[in-house]
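Could you put together the complete structure from these sequences and hints?
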Amino acid sequence: MKKRKIGQRSGVLIDDVDIEILRILNKNKKLLSIGEVQSLLNMTHVSFKIHIKRLEKLKFIFRKRVPKMFKFNLIITDEGINLLKIFERIGKK
140 MKKRKIGQRS GVLIDDVDIE ILRILNKNKK LLSIGEVQSL LNMTHVSFKI
190 HIKRLEKLKF IFRKRVPKMF KFNLIITDEG INLLKIFERI GKK
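By the working numbering, the letter at position 86 of the sequence shown is numbered 225, and the numbering carries on one by one without gaps.
What the hints contain is simulated information worked out from the structure, not anything from laboratory work.
Owing to the predicted nature of the structure, the values given are computational and were not obtained by experimental measurement.
Keep in mind that the hints are not guaranteed to be accurate.
Stated by the list, open to error - Derived SDA-like pairs (lysine to any residue); straight-line CA-CA distance at most 25 Å:
| # | residue 1 | residue 2 |
| --- | --- | --- |
| 1 | 188 | 211 |
| 2 | 168 | 224 |
| 3 | 210 | 187 |
| 4 | 207 | 222 |
| 5 | 203 | 163 |
| 6 | 224 | 191 |
| 7 | 203 | 216 |
| 8 | 169 | 205 |
| 9 | 169 | 192 |
| 10 | 198 | 181 |
| 11 | 188 | 226 |
| 12 | 169 | 142 |
| 13 | 203 | 142 |
| 14 | 166 | 182 |
| 15 | 210 | 226 |
Said to hold, decoys possible - FRET-style restraints, in silico, Cβ to Cβ:
| # | residue 1 | residue 2 | range |
| --- | --- | --- | --- |
| 16 | 179 | 152 | 19 to 27 Å |
| 17 | 230 | 207 | 38 to 46 Å |
| 18 | 203 | 162 | 14 to 22 Å |
| 19 | 142 | 178 | 35 to 43 Å |
| 20 | 228 | 208 | 34 to 42 Å |
| 21 | 155 | 207 | 30 to 38 Å |
Glycine included, every Cβ here is placed at the ideal spot set by N, Cα and C.
So this is what it looks like as structure tokens:
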């Protein structure tokens, strides 16, 4: 068996928290900031940031800066909505 080096992670592309973030963004009609979604999930900034970066890299969400404020809103993309539909269809079995 090959020993993993420090910092190597599994090849998980999406996990339950990522899907929950997509659900929150899709369900709410108003734009939510990063901090608002983070507080809804009761997560620390460090652990939440990992999920946001993963979803952005896969192009399921993007950040939009609020003018004249150092604040970013999270917006779900069409790909994110399609992924969410697939997971909801699988989960209803």
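Straight-line Cα separation of residue 169 and residue 142 no greater than 25 Å? violated (47 Å)
Holds or violated: are the alpha carbons of residue 203 and residue 163 at most 25 Å from each other? Answer holds: residue 203 to residue 163 is near 17 Å, not above 25 Å.
The hint says 19 to 27 Å between residue 179 and residue 152; measuring C-beta to C-beta, is that right? holds (23 Å)
Measure nothing beyond the straight line between the CA atoms of residue 169 and residue 205; if it is 25 Å or shorter, mark the hint as holding. holds (13 Å)
Has the hinted range 35 to 43 Å been met by the Cβ atoms of residue 142 and residue 178? holds (39 Å)
Taking 25 Å as the top limit, are the C-alpha atoms of residue 166 and residue 182 close enough? Within the cut-off at roughly 19 Å; holds.
Agreement of residue 188 and residue 211 with the hint, judged by alpha carbon distance not exceeding 25 Å: Roughly 13 Å between the alpha carbons, so the hint for residue 188 and residue 211 holds.
Starting from residue 168, check that the Cα of residue 224 is at most 25 Å away, please. holds (17 Å)
Distance restraint evaluation - residue 228, residue 208, Cβ atoms, bounds 34 to 42 Å: Holds, since residue 228 and residue 208 (Cβ atoms, about 38 Å apart) stay within the stated range.
Residue 169 and residue 192: Cα distance at most 25 Å? holds (22 Å)
For residue 224 and residue 191, compute the direct alpha-carbon distance and say whether it is at most 25 Å. OK: residue 224 and residue 191 at ~19 Å, within 25 Å.
Mind checking the alpha carbons of residue 210 and residue 187 for me, to see if they're no more than 25 Å apart? holds (16 Å)
The structure fails to meet hints 4, 12, 13, 15 from the earlier list, while all remaining hints are met.
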